[in-house]
Every structure is written in structure tokens, then in C-alpha cells.
Amino acid sequence: MKKMIREFIESNFFYSFSRTPVAIGSFLTTTILILCALAAPILAPYSPYDPATLNLMNGFSAPLAPNSFTGDVFVFGADDQGRDILSTILFGMRISLFVGFSAVLFAMILGVTLGLVSAMVGGVVDAVIMRVADVQLSFPSILIAMLIFGIAKSITPPEMRNQMAIWVLIISIGLSDWVQFARVVRGSAMVELQKEYVEAAKLIGVSQFGISLRHVFPNVLPSVLVIATISLALAIISEATLSFLGVGAPPTQPSLGTLIRIGQGFLFSGEWWIIFFPSIALLLLALSVNLFGDWLRNTHNPNMGIK
Amino acid sequence: MFRFVGDPVENMMGQERTDADIELLREKLGLNDPFFIQYKDFLIDAAHGDLGISFRQGRPVVDVLIERLPATLELAAVSAFLAIFLGVSLGVYTAINPKGWFTNIILTVSLIGVSLPTFLIGILLIYLFAVELGWLPSFGRGEVVEYGWWTTGLTSVSGIKAIILPALTLGLYQMTMIMRLVRSEMTEVLNSDFIRFARSRGLPEGKINFRHALKNTLVPVITVTGLQLGSIIAFAIITETVFQWPGLGLLFIDSVQFVDIPVMASYLMFISVMFVSINLIVDLLYAVIDPRLSISGTK
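For the record, the sequence lines run as chains W and B. First residue of the first sequence: 1, per our numbering; consecutive thereafter. First residue of the second sequence: 308, per our numbering; consecutive thereafter.
It is worth saying that the hints were derived from the structure and are not from the lab. By construction, the Cβ of each residue, glycine as well, lies at the ideal position given by its N, Cα and C atoms. Warning: the hint list may mix true and false statements.
What the hints assert, rightly or not - Simulated restraints on C-beta separations: (1) W:Pro222 x B:His355: 45 to 55 angstroms; (2) W:Gln194 x B:Leu414: 32 to 42 angstroms; (3) W:Asn219 x B:Ile471: 50 to 60 angstroms; (4) W:Glu196 x B:Asn586: 39 to 49 angstroms; (5) W:Leu225 x B:Asn586: 29 to 39 angstroms.
Claimed, not checked - A few chain B residues facing chain W, derived, Cβ under 7 angstroms: (6) Ile403; (7) Asn404; (8) Ser422; (9) Pro424; (10) Phe426; (11) Ser538; (12) Ala541; (13) Met581; (14) Phe582; (15) Leu587.
If we strip away everything but chain W, and leave its shape as in the complex, we get:
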């Protein structure tokens, strides 16, 4: 363990990291935001989804000003139903991150599997998978996610919709995002399959499955992780966009996008804080993950260029 840590600290990767202020800053911001989201039940000053603790008199409290009826103080203000904005952001970020991570994980598993199968089996299977990927790549992923969401919504019975919404969201974002993984994994796996260690593995009788999982997969993993980081930023933005459009997280489990959607209604009446703070949270989250992903991509492979 100690050796591993020392190797890590002496690696090029860590050297580059410690010399890039943007990388350190974005990594720290991301980590802090994730920790805040994880610790939401402890950190949040109020529990925004427990109707028993809400007081409608607190509605529209301005940030940091004591409410004129109850005297309660809210750091980021309160929304129309008297919910503390800071608490809703913390809980909302949890949902945004949960959906983002799960969707990327789903896309990663699907894409890596299909990419490996494509490279190992070849022939018709390869052609079919790659044509499907091409077709999907020619459409913007947000459109595909919306389509899948629409179909899924109509299959699920109405009383289940609110509970299922989060899972439907994860699957639709995941399905719209697997192509990147599949293409990169297929490309790198094809290169790896030509190498001598694969020949050697074949000679000693390792099965196709064993070769792809034990020998090829570890060698394509770094590229996969880089794409996963960039995909995470995209997934968070996709989730927020879908929720903002009203085809994502339900009002009973609001994500940052849903909070912004709710806040938009109060933009004209002067309650700016209801939309302002969730937007800032989303901006920080998306920007820091994005910057970190960019740095990771440039360090890992400077020639990957702009997407």
C-alpha cells in the first residue's frame, strides 16, 4: 500500500496535477460539492421534504434577512412554500449527482461490453453494433434521452411514474451516452488484440472471454475513465436540462434542474434567490467536473483533440 502511494506521488500524472492550478481547483471544488451532497442530511439546516417542519409563513424569505412573521433566518432565502433554499440545493445536488454517476456507470458498462464484443467477435456483430452507434451519434444525445424518456413514461403505469422517474432518467441518459465508450473501447481493443501478449494468452489457452476481461480490458481502462469523467459533466447537464424541461426528476424529488424550473416562475416577481442559488450550484458542479475532465484528457492523451 505504501509503495503504491509513493509510486502515485512520483508518477507523471501526479506531477502534472500538482503543477496545474486549474486541475487542483476543479478537483477540490468537485470533491467538496460531492461531500456536501453526501452529507446533506447532516449539513442541511432544515429538512425540506418533511411537511411537518415547513411553515408556509416562511414563504419567500429573503436571504439572510429574518422573516417578518416568524423571525426565522435562511442563508439562501426560502422558496414559495417556506423551504430553505440551501437545504433544497444540498438534497437536489444529491439527486443530480446520483443520476449523473449512475447514468455514466450504466453507459460505461453497456459501452465497454459492446465495444469489447465488437472488437473480439468482429464480422456481422461488429457491423451491426457500429452501425447502431453511427445512427445514434448523428443525433444529439439530449434528443435521444428525451425520446427514451417519453416512451418509458408511457409504458409505466401512472401511479408508478414518480417513483420510477429517477430510474427512467438514469436509463435514458445512459442509453444516449454509451456510443462514446463503445467506439473508444473498440478502437483501443483492436490495437491491443494485435499485440504479442494477446497471442501468448491465446497460446496458453485462455478463453476469448478471459482475454477480453483479464488482458484487454485493463489496458483500455485509462481511456475509459477519461471519457467517464467528461461524460459525467455532460450527464449532469443533460439531467438538469431534462428536469428543467419538465421531463426529468419529479417535484417530489427535485434535482438542481427541477429547482431551477421552479425558480423560473419567480424571476419576474423579484424573488431572484429561488433561481439564483440552484443555478450557481449547477454552474459550479458542471464547470468543475468539466475542467477536471478536460485536464485529464489533455494529460492522458494530448492528441485526442477537441470533440
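Chain W is already provided as a structure; the job is to place chain B on it using the hints.
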């Protein structure tokens, strides 16, 4: 597909319905037929230009689409123009002056522009220009003039005012993409030998930059721009929702929420046709821009 996705008849009938009415409507819409028959009917009708009847509005989908089409195309055209014009000129500027303070500002803003979700940019613009300053309207198309079946907002002052914010919002992402691409391509070309040769011949700076350098950066720029134009129409969904712009995107979002399958299917078909035709036009443009590519097939 139609039979898996809920029961549209429930949405279409009013409170006072009898089982016989439901059965009649279902028969009329062909919803009792087997899946493959329904699909065959759909294909044949679509080939004849009949995309079915909107479950929600009870009108032919073609009429609904045509009514919404001008708004979306107008918005897409204006924002594509903004994106290309501003993107190319800013890209050229930042490539020619790589170290200027203005370049740094542009690059920083563009990074934020790429990371921000479209709808946040829209809300930000609304807040700044509609709520705080009150210069521009925050929703709708303004005054619209009809020319036959085409409606336009571009001939009236309020229409032009109304299109500024949505077009900026929609085009910003594409603008930053084009700008970054032009910048990186042009920086590469400016460092190549033939530019150095042009300099040593004593050609004026403007001629080198625009006649020699810019022309050679255009091929990749046109590819990306072409693909981005397709996504402008698709991303109009978001912008149209933020600004309540009565176009196809708003129609699509409504149809997703109300499970209006014929409208969803037709919109996606329309988008696919747009994508394919844009790709075709881009491919044909290559030959015009770079004559070397047109003879590659004959050898």
C-alpha cells in the same frame, strides 16, 4: 409501437363517454389492428404525406407541423448566422492576436459558455435584458406577418426584438465551438511554410490572413459547422421552452408530456430528414471549397 405506449383514446375522449364511443374511436384510429398492420399503415400513409392525426389536438399532424415550422426555421437561421459570423470572426481575431487581453477575455467567456447548460444562459439573458433592463421581450415571437402559409417575425420591429435573445441563446454553444475550431486550425496554418513564404514575398498582412490562411482552414470548419447546424434545430427544443417560442421544439416537448405519439414520431422523422440533407449539402460543399477532393474517386 403504438400499442405499448399507453392509451391515447383515454386522453382524447371527454368525461361523457360510453364504451361504444371509445370502441368507435379506437377502430377509426386503427388501434385495434395488429402491430405490424399498424406499422404498415403508418409507412404507407407517411409515404403519401399523411402523418396521422395528433392525439392531443385532433388535427392532422402535417398541419400542426407546418404551422410551427416557420418559427423554428427562422430562429435556427438567425442563430446559425450569428454563430457562423461571430464564431469565424472571433476565431480569426484570436488566432491573429494570440496574446492580446481581448483574446484572453474571449477565451475565458467561451469556456464558461461551453460549460453552462443552454437553459441557464437563456435565463441569465432574460434576467439581464428583460427583467433588469427591460429592453427586450422575454417570450413569444412579437408581431408576426403572414405570407401565404409562411409566417415571419423578421419584418416587424417587435418581431426582431423578440428573436434576439432566443437566437443568442441557441447560437452561443455553436459559436464557441466554431470559434475554437477556427482558432486552432488557423493557428496551425499560420505556422506553416507557405504562410512564411507569403510573408517573405512581402504580401500585405490582411491578404495573408484572409486569402491564404483563412481559406485553408475552411474544410474542417465547414464539416463541424454543418453538423452543428443540425443540432441547432434539435437544441431549439430547450431554447423554445425557455422563451416560449411557438416552434417545433415546444410542440415536441408538449407531445412528450402528453404521450402524443404521432407528433413525436413525425418530429423525429423531420429531424432525421434535416440531418441527412444537411450532411449531404456539407459533402457537396467540400468539392466547391477544395477542388482536390472532387477528383479523388477517379484517380
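Structure-based check of all given hints:
Against the hinted window of 45 to 55 angstroms, the Cβ-Cβ separation of Pro222 of chain W and His355 of chain B comes to about 53 angstroms, which satisfies the hint. Taken as a hint, the range 32 to 42 angstroms holds for the pair Gln194 of chain W and Leu414 of chain B, whose Cβ atoms sit roughly 40 angstroms apart. Restraint check, Asn219 of chain W to Ile471 of chain B: a C-beta distance of roughly 51 angstroms satisfies the suggested window 50 to 60 angstroms. Remark: the range hint 39 to 49 angstroms for Glu196 of chain W to Asn586 of chain B is upheld by a beta-carbon distance near 41 angstroms.
Taken as a hint, the range 29 to 39 angstroms holds for the pair Leu225 of chain W and Asn586 of chain B, whose Cβ atoms sit roughly 32 angstroms apart. Checking Ile403 of chain B against chain W: minimum C-beta separation of about 20 angstroms lies over 7 angstroms; hint violated. With a cut of 7 angstroms, the hint placing Asn404 of chain B at the interface with chain W is violated, because the nearest CB-to-CB distance is about 21 angstroms. Among the interface hints, the one on Ser422 of chain B holds; its C-beta lies about 5 angstroms from the nearest C-beta in chain W, closer than the 7 angstroms criterion.
Restraint check, Pro424 of chain B versus chain W: the minimum CB separation of about 5 angstroms is within 7 angstroms; hint holds. Hint on Phe426 of chain B holds. Least Cβ distance to chain W is approximately 5 angstroms, under the 7 angstroms limit. Contact between Ser538 of chain B and chain W, as hinted, is supported at the beta carbon level, the nearest pair being about 5 angstroms apart and thus within 7 angstroms. The interface hint given for Ala541 of chain B is met, as the beta carbon of that residue sits about 5 angstroms from the closest beta carbon of chain W, less than 7 angstroms.
Taken as an interface hint, Met581 of chain B does not check out: its beta carbon lies about 11 angstroms from the nearest beta carbon of chain W, beyond 7 angstroms. The beta carbon of Phe582 of chain B is positioned within 7 angstroms of a beta carbon in chain W (closest approach about 6 angstroms), and the interface hint is therefore held. For Leu587 of chain B, the interface hint is violated, the least distance from its beta-carbon to any beta-carbon of chain W being 12 angstroms, above 7 angstroms.
Hints 6, 7, 13 and 15 from the list above are not met by this structure, while the remaining hints are.
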